[in-house]
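Protein sequence lines, in the order shown, are assigned to chains A and B. Residues 1 to 252, numbered by our numbering, are exactly what the first sequence covers, in order. Residues 253 to 317, numbered by our numbering, are exactly what the second sequence covers, in order.
Since the hints were derived computationally from the structure, they do not count as laboratory data. In this text the structure is predicted, and so the values were computed from the model without any measurement. Treat the hints with care, as some may be off.
If you want a taste of the chain B side facing chain A, the calculated C-beta under 7 Å gives, among others [claimed, not checked]:
| hint | residue |
| --- | --- |
| 1 | N258 |
| 2 | F291 |
| 3 | P313 |
| 4 | Q315 |
| 5 | G317 |
Note that CB positions come from ideal geometry on N, CA and C, so glycine has one too.
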Amino acid sequence: MFYDFNPGSRFLLGTACYPSPELLSKAIAASQTDIITVSLRREGAGGGVFRQLLEEVNKKFLPNTAGCFTVKEAVTTAHMAQEVFNTNWIKLEVIGHADTLQPDPFALVEAARILCREGFSVFPYTTDDLIVGEKLLEVGCQVLMPWGAPIGSGQGLRNKEALKSMRAYFPKTPLIIDAGLGAPSQAMEAMEMGFDGVLLNTAIAKAKDPIKMAQAFGEAIVAGRKAYHAGLMEKRDMAEASTPAYGLAELI
Amino acid sequence: MKIYLNGKTVETDVGTLFALFEECGIDPTCVASAVNGNFVPRREYSTFNLYEDAKIEVLSPMQGG
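Just chain A, same shape as in the assembly:
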């Protein structure tokens, strides 16, 4: 449950960098996502085509504040997105540095405080820092979105131990891995660890076949969730024979 929305799919898909609007549209369908991320920019070539696509896909929109470095920029962008996309949802990104695209946690909490107070449903793009997560919940966020790795890097879950701690520390908060995933196996692992969803963009948009990759990620996310519910076995240091020793023949 992400705020008041109970999605059929735990896959949130970004819409940027696809080779064409047709491929984007087909990738959205193949992913079986219910939620797509969008942004606001100065009108450029192809803007009308994208608006039409948004009308046709019939998905829930999660506008982002990508490219914002300050509280004011992020809050203004959220207000603009609310009007254009007619939604209270906002994927709150307040970036700390242009090269790392690492969130600025101090500005993030402040912007989240303002937007939650105004009635936004804030999806904060954050790190795996537990105290930052706590502060975000304190100011009213009901979902946290820790990064797997830096945006667009395709590195996967770079700090699994910290993410495991985060999952354990916030057992009831919906946690979505946002950014940095490059392969379906990485998304599946996140889901196996008990995360509630996965948000990604580049791994699909930049794949040789975005439609097939969208489907692959979609299936991996479903499988990972199923495995989490099924309960993974405990790891052991030593081997343990699975075939029974009882009844073993003496052949020497």
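Guided by the hints, dock chain B onto chain A, whose structure is given.
Quick look at chain B alone, frame taken from chain A:
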């Protein structure tokens, strides 16, 4: 009067944001606007008075991650 529209210098004689959009052929129903970094709601376009050197951002839905 000189204003900045999405980073470009524009000379205009119109008085309001709404009139500016009309002059520039911008459909006000599918954009969101900010002036000098502050959001201007759509309902205020017709009463928002432009001023010299105002920096206007007019944004549309775009692809995003």
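Hint validity - N258(B) Cβ closer than 7 Å to any chain A Cβ: holds (4 Å)
Residue hint F291(B), partner chain A, criterion CB-CB below 7 Å: Result: holds, 4 Å to nearest chain A Cβ.
Status of the G317(B) interface restraint (C-beta, 7 Å, chain A): holds (3 Å)
Restraint outcome when Q315(B) is required to lie within 7 Å of chain A by C-beta distance: Since the shortest Cβ distance to chain A is 4 Å, the answer is holds.
Cut-off 7 Å, beta-carbon criterion: hint that P313(B) touches chain A: With a minimum Cβ separation of about 6 Å from chain A (threshold 7 Å), the hint on P313(B) holds.
Of the hints listed earlier, there is not a single one the structure fails to meet.
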